[in-house]
Amino acid sequence: MCLLSRNVNKLLLFSAFVGVICLGAVSEATTIVKKNLDDLLVEADGVVLATVDDVTSRVRDSRKGDIDTFVSLSNLQVLHGRYAAATLVLRLEGGEVEGVGLWLHGSPRFTPGERVLLFVRDNGKAIVPIVGWTQGVFRVATDAGTGAEGVFDHDGNRVFGVANGEILKERAHPSEAIIVDDPSDPRQRGAHAGTTDDGSPTSSPEVAEKAATQQAIPLVKFLGLLQQRLKAKGIQARTLTSVDPTGAALERTPQRDAPPPKQ
Numbered sequence: 018m019c020l021l022s023r024n025v026n027k028l029l030l031f032s033a034f035v036g037v038i039c040l041g042a043v044s045e046a047t048t049i050v051k052k053n054l055d056d057l058l059v060e061a062d063g064v065v066l067a068t069v070d071d072v073t074s075r076v077r078d079s080r081k082g083d084i085d086t087f088v089s090l091s092n093l094q095v096l097h098g099r100y101a102a103a104t105l106v107l108r109l110e111g112g113e114v115e116g117v118g119l120w121l122h123g124s125p126r127f128t129p130g131e132r133v134l135l136f137v138r139d140n141g142k143a144i145v146p147i148v149g150w151t152q153g154v155f156r157v158a159t160d161a162g163t164g165a166e167g168v169f170d171h172d173g174n175r176v177f178g179v180a181n182g183e184i185l186k187e188r189a190h191p192s193e194a195i196i197v198d199d200p201s202d203p204r205q206r207g208a209h210a211g212t213t214d215d216g217s218p219t220s221s222p223e224v225a226e227k228a229a230t231q232q233a234i235p236l237v238k239f240l241g242l243l244q245q246r247l248k249a250k251g252i253q254a255r256t257l258t259s260v261d262p263t264g265a266a267l268e269r270t271p272q273r274d275a276p277p278p279k280q
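Okay, so the sequence shown: first residue is 18 according to our numbering, each after it adds one.
Since the hints were derived computationally from the structure, they do not count as laboratory data.
Quick caveat: nothing in here was measured; it's all calculated off a predicted structure.
Cβ coordinates follow ideal geometry from the N, Cα and C atoms, glycine included.
One or more of the hints may lead you astray.
Claimed, not checked - Simulated restraints on C-beta separations:
| id | residue 1 | residue 2 | range |
| --- | --- | --- | --- |
| 1 | 189 | 250 | 41 to 49 Å |
| 2 | 71 | 117 | 36 to 44 Å |
| 3 | 189 | 118 | 23 to 31 Å |
Unchecked claim - Derived DMTMM-like pairs: lysine to aspartate or glutamate, alpha-carbon spacing no greater than 25 Å straight-line:
| id | residue 1 | residue 2 |
| --- | --- | --- |
| 4 | 250 | 139 |
| 5 | 51 | 187 |
| 6 | 142 | 85 |
| 7 | 51 | 198 |
| 8 | 142 | 78 |
| 9 | 248 | 160 |
| 10 | 142 | 187 |
| 11 | 238 | 55 |
| 12 | 238 | 160 |
| 13 | 250 | 193 |
| 14 | 238 | 113 |
| 15 | 238 | 83 |
| 16 | 248 | 193 |
| 17 | 142 | 70 |
| 18 | 250 | 83 |
| 19 | 142 | 113 |
| 20 | 142 | 55 |
| 21 | 248 | 56 |
| 22 | 250 | 55 |
| 23 | 51 | 115 |
| 24 | 142 | 83 |
| 25 | 248 | 60 |
| 26 | 250 | 56 |
| 27 | 51 | 110 |
| 28 | 250 | 170 |
| 29 | 248 | 172 |
| 30 | 142 | 56 |
| 31 | 142 | 110 |
| 32 | 142 | 261 |
| 33 | 248 | 55 |
| 34 | 51 | 139 |
| 35 | 51 | 170 |
| 36 | 142 | 60 |
| 37 | 238 | 172 |
| 38 | 250 | 198 |
| 39 | 238 | 170 |
Make the full structure from the sequences, and use the hints.
Here you go:
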């Protein structure tokens, strides 16, 4: 289903704040400003590793037909930020109720049971409370080649590492939205070259060549890179906010710094 026209104006007004632009007609793609790892870390209220427990859509305004989707997260590990509760509920605009859908083109999609790494921002206020929309969503899955937990992006591309703050990944599955200035997007021109943050040389052409055999970066290693960037940038923790899935007012939890991730 496509994005309804009444929400196109809402996105256009909001684009000044999040860098999201709907191009004219509702059938055209959403364009989103590219975020590197440093951007994700700096702009996020917090970073969480969690299991998607439930995904439920509800009608917010029956007169307008507005729909919200609530994503409930459990097995919560707060990697950065302040949050004390055992569960976290995110609210995203759009969804489907009784066969009637309102979808935001390029918005993240979630499936119950999956394990995700999320860069959360302005939950309960933003149209999509994830930094860079799908760019701030990573999925954790068992790598078929190694049997270890590997990191994949929202669209199922294997993440290989980090180079100078840039996330290196395969190009097999393009994002629904167009990511401006993203060399890993086949719809964009250009390439990065350099050295990964763990010291191994790489470049975008090399990533493309190795994509058929290279394994996804292990979760533990990726989390270590996150902590390195947080320390290098001196990024301060902020407070995460959860929402009530019944649509009631926002609720804030007591502030508590996130403990170091388990290695």
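Results of checking the hints against the structure:
1. 189 - 250: 41 to 49 Å: This hint is violated: roughly 30 Å between Cβ atoms.
2. 71 - 117: 36 to 44 Å: Distance hint for residue 71, residue 117 is violated at roughly 20 Å.
3. 189 - 118: 23 to 31 Å: Check passed, 27 Å falls within 23 to 31 Å.
4. 250 - 139: Holds - the C-alpha atoms of residue 139 and residue 250 are around 21 Å apart, at most 25 Å.
5. 51 - 187: With Cα atoms ~16 Å apart, residue 51 and residue 187 stay inside 25 Å; holds.
6. 142 - 85: 12 Å, holds
7. 51 - 198: The given pair, whose Cα atoms are some 6 Å apart, holds under the 25 Å limit.
8. 142 - 78: Holds, at about 16 Å.
9. 248 - 160: 28 Å, violated
10. 142 - 187: 32 Å, violated
11. 238 - 55: 17 Å, holds
12. 238 - 160: Holds, because 14 Å separates the two Cα atoms, which is no more than 25 Å.
13. 250 - 193: This hinted pair is violated, its Cα atoms lying about 31 Å apart.
14. 238 - 113: The hint is violated at about 37 Å.
15. 238 - 83: Status violated; Cα separation ~41 Å.
16. 248 - 193: 33 Å, violated
17. 142 - 70: 22 Å, holds
18. 250 - 83: Cα-Cα ~39 Å, so violated.
19. 142 - 113: Holds, because 20 Å separates the two Cα atoms, which is no more than 25 Å.
20. 142 - 55: Distance ~23 Å between residue 142 and residue 55 Cα, so the pair holds.
21. 248 - 56: 14 Å, holds
22. 250 - 55: 8 Å, holds
23. 51 - 115: 35 Å, violated
24. 142 - 83: 15 Å, holds
25. 248 - 60: 15 Å, holds
26. 250 - 56: 11 Å, holds
27. 51 - 110: 21 Å, holds
28. 250 - 170: With a Cα-Cα distance of about 23 Å, the restraint between residue 250 and residue 170 holds, given a limit of 25 Å.
29. 248 - 172: Status violated; Cα separation ~28 Å.
30. 142 - 56: Roughly 20 Å between the alpha carbons, so the hint for residue 142 and residue 56 holds.
31. 142 - 110: Measuring from Cα to Cα gives roughly 10 Å; hence the hint holds.
32. 142 - 261: 13 Å, holds
33. 248 - 55: This hinted pair holds, its Cα atoms lying about 11 Å apart.
34. 51 - 139: Holds: residue 51 and residue 139 sit about 19 Å apart, inside 25 Å.
35. 51 - 170: 14 Å, holds
36. 142 - 60: The hint holds at about 15 Å.
37. 238 - 172: 21 Å, holds
38. 250 - 198: 23 Å, holds
39. 238 - 170: 15 Å, holds
When each numbered hint is compared with the structure, violations occur for hints 1, 2, 9, 10, 13, 14, 15, 16, 18, 23, 29.
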